[in-house]
Amino acid sequence: MKNTLILCLISLLLFACGEESQVIVVQEATPVEATLCNCLDSLSTVNKATCDSLFPEPQSNSEKRMRIEGAKICGIDLIYEMDTIVSLDSLPEPESIEEVLTMEVPDPLSAECQEFLEDFATAIKHYTKIVNSASDNPDDFMLIIQLNEAKSSFKEWPSKPQMFSCSDNESFKHKVEKLTEQADELLAS
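The numbering of the sequence shown is the numbering used here, which starts it at 323 and goes up by one.
It is worth saying that the hints were derived from the structure and are not from the lab. Do not rely on the hints blindly, as some may be mistaken.
[Unchecked claim] Keeping only pairs whose Cα atoms sit at most 25 Å apart, straight-line, the calculated DSS-like set for lysine-lysine is:
| # | residue 1 | residue 2 |
| --- | --- | --- |
| 1 | Lys477 | Lys451 |
| 2 | Lys495 | Lys482 |
| 3 | Lys451 | Lys473 |
| 4 | Lys370 | Lys386 |
| 5 | Lys500 | Lys477 |
| 6 | Lys500 | Lys451 |
| 7 | Lys500 | Lys473 |
| 8 | Lys495 | Lys447 |
| 9 | Lys477 | Lys495 |
| 10 | Lys451 | Lys482 |
| 11 | Lys394 | Lys370 |
| 12 | Lys447 | Lys394 |
| 13 | Lys447 | Lys473 |
| 14 | Lys447 | Lys477 |
| 15 | Lys370 | Lys447 |
| 16 | Lys482 | Lys500 |
| 17 | Lys473 | Lys495 |
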């Protein structure tokens, strides 16, 4: 019986080995390492969220130049539009209110903020015109009344809502500062 059992096992084993069987091997897709080259390659299967966290979009001119150099090493040509104005400190000093309004700044202004600046500039011009007229004619009672109204109206500008909503933009703050300096110069003359 032992011999029969051993023979059955051997024949079963030979029978099982004689058939061709397919073995399916499941291969996991190995993730591609997130490098600058892989992240810049649009055909790469790298995790784009990882790329965005490791290699965020360059913001300044120096970051853009570094990214362009890195891409050249990868054999990829990148073109970025460089900012023409590097910082607010490098801007030329404006000579007039109109120059302040038209000066190019690094941070774009919303339409609401730009409109506020234009209205503020108009208020400065109006106020200085009344101040100058009143100083030329100190005995004109109507000009004194207009001057008092213009003073109270002009003092309201710093507390207007747009002054607060736009103040997170550095370019806006810079232009307000320059407009105020122009107003001081006009009032001093």
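Structure-based check of each hint:
| no. | hint | verdict |
| --- | --- | --- |
| 1 | Lys477 <-> Lys451 | holds (16 Å) |
| 2 | Lys495 <-> Lys482 | holds (14 Å) |
| 3 | Lys451 <-> Lys473 | holds (12 Å) |
| 4 | Lys370 <-> Lys386 | holds (19 Å) |
| 5 | Lys500 <-> Lys477 | holds (17 Å) |
| 6 | Lys500 <-> Lys451 | holds (19 Å) |
| 7 | Lys500 <-> Lys473 | holds (20 Å) |
| 8 | Lys495 <-> Lys447 | holds (19 Å) |
| 9 | Lys477 <-> Lys495 | holds (17 Å) |
| 10 | Lys451 <-> Lys482 | holds (22 Å) |
| 11 | Lys394 <-> Lys370 | holds (20 Å) |
| 12 | Lys447 <-> Lys394 | violated (53 Å) |
| 13 | Lys447 <-> Lys473 | holds (12 Å) |
| 14 | Lys447 <-> Lys477 | holds (14 Å) |
| 15 | Lys370 <-> Lys447 | violated (53 Å) |
| 16 | Lys482 <-> Lys500 | holds (18 Å) |
| 17 | Lys473 <-> Lys495 | holds (22 Å) |
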